[in-house]
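Colleague: This is what each chain is made of:
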Amino acid sequence: MPEQILLQALNGLVVGSSLALVAAGLALLFGVLHIINFAQGDFFMLGGYAVWFALSVTQNYLLAMVVGTVLVAILGGALLSAICWPLLQKSPVLILLATLGASLILQQVATNYLGGDTKMVPFPVTANLTIGPIVYPFYYVLVVATGMGVLTLGYFALRYTRYGIWLRAVAQNRPMAAALGVPVPRVYLVTLAVCSGLAGMAGGLLLPLYSVYPTVGNDVILNAFIVVVAGGLGNFRGAAIISLLVGEVLSIGSLFLMPNVLKVVLFALVIVLLVVRSRGTHSLVRL
Amino acid sequence: MLDVQDLHAYYGSSHVVQGVSFSVERGEAVALMGRNGVGKTSTLKSIMGLETRTLGSVRFDGSSLFGAAPHSRAARGLGYVPEERAVFPEMTVEENIRIGALVQFGSDQRACLDRAYALFPILKERRQQMAGTLSGGQQKMLALARGLALQPKLLMVDEPSEGLMPANVELITNALLSATQAGLTVLVVDSSFDLLRQLCTRLYAMDRGVLVGSYQPADFATPDDLAATILSGRA
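Residue numbers (the numbering used here), protein chains in the order written: chain G, 5 to 291; chain H, -17 to 217.
Next up, chain G with everything else stripped away, as it sits in the complex (with noise of 0.2 Å):
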């Protein structure tokens, strides 16, 4: 029993780490651009799609996971922004109707295209790791190494450089950033599409794991969405927290509980979290 309560809580770090990628990019986006992204998902299902298609092209996975991210960034950012223009200055509600259209549209495009099958890859490193009395495969290490690397990365970023200061200054006063110069239209650019990278990077990612089908991403934002609001909306640490302790409670309670149980579980967890630490809907930054 502790081999089994240690190899799930690894396999929590997994989902926890992957979960991170996707809700960090979806709370950036409410708390920038107050926009509510239903798509997020489907950028994690493209993600998927995007790796194995480079994949079965280059057979380098590093090469394709690069190539992936990037172009879920391109495509998503171009059209999340094609969405969100016209509505920008409208309802909040216009623009998340837009995105849970753009959702279905995705996942019937991918349907047709690609084919509602299962797309599989075998792990691109076979290696194995010895964790005290388990054996663990080195690939889940790398995976829950590179989400942590990239969301500390994106930590340092919003505190640091130029376009995170720029990012956080016009979530909190759009108008008064744009009075001292930043490029307003330009931010908002690159928070989409690294929004939406985030997201494919965290499909490609897990696309040995889980493999990619239509409608994989589905699963995947209810736990964002979770994630999003138990951590505070525009909260990006309390995302990437947050989306550790859904991953653990996730995979250990997968030992003790059928998994329709252990979803009521989450969200009483979620509700308890709520109410103890209520912080209203901040529609900041919040590093």
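Since the hints were made in silico from the structure, they are not lab data.
We treat Cβ as the ideally placed atom computed from N, Cα and C, and that holds for glycine.
Don't take each hint at face value.
[Unchecked claim] Derived contacts from chain G toward chain H, CB cut-off under 8 Å, selection only: (1) P141; (2) R166; (3) A173; (4) P179; (5) A182.
Based on these hints, arrange chain H on the given structure of chain G.
Modeller: Same frame as chain G, but now just chain H:
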């Protein structure tokens, strides 16, 4: 330097600026005065491009600002220090100053920060503090220091002395004075006798969306004269 012709601005269904025309020459400090709600702030925001519905012509430094986004107006040397919600509350004092510096000076932000700290040493002490935790007066100093540090050609300042204790009004007046002596052009909205008398070369009175009078600082011998002019509005 700044030439405003027949400027109109609308806020919802109200017509807040109703055909304002004036100009500010290089090196001048010009004031807009008037009661609350007569359209002074809307005039400044319209010039900065922050009002969404405006009509009329604004020329700055020889070219029209028509259709330019606020950030490109800033890039051309137009600065703006608003009265309220001027600082980024969840960013440090230093980050607040760096936002603009990153645009204009790229990596050479040190000089920009030093200029701001030289004007208001208290900001240097508090540089790692979140701007939202500063007192109201310190936030005003931060906003002004940030505006000046960017070295715009023309700085628009909305109510810099509003709600400040006299010692701080003096500090802010001196900061603006030394900037104008160094060649900055200023368009200020304020009602402080001391600040206007020391700083301005010309003053416009504004009422209900239009300019109703043009004055010299010498026209006001006492604070009461000034207050009477501001409050009387349209004759």
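Colleague: Would you mind marking each hint as holding or not holding in the structure?
Modeller: Hints and how they fare:
The restraint placing P141/G at the interface with chain H is violated, with a minimum CB-CB distance near 41 Å, outside the 8 Å limit. Residue-level restraint check for R166/G holds (minimum Cβ-Cβ distance to chain H is 5 Å; threshold 8 Å). Among the interface hints, the one on A173/G holds; its C-beta lies about 5 Å from the nearest C-beta in chain H, closer than the 8 Å criterion. Of the supplied interface hints, the one on P179/G holds, with its beta-carbon coming within about 5 Å of a beta-carbon of chain H, less than 8 Å.
Interface restraint check: A182/G against chain H, minimum CB-CB distance 4 Å, threshold 8 Å, status holds.
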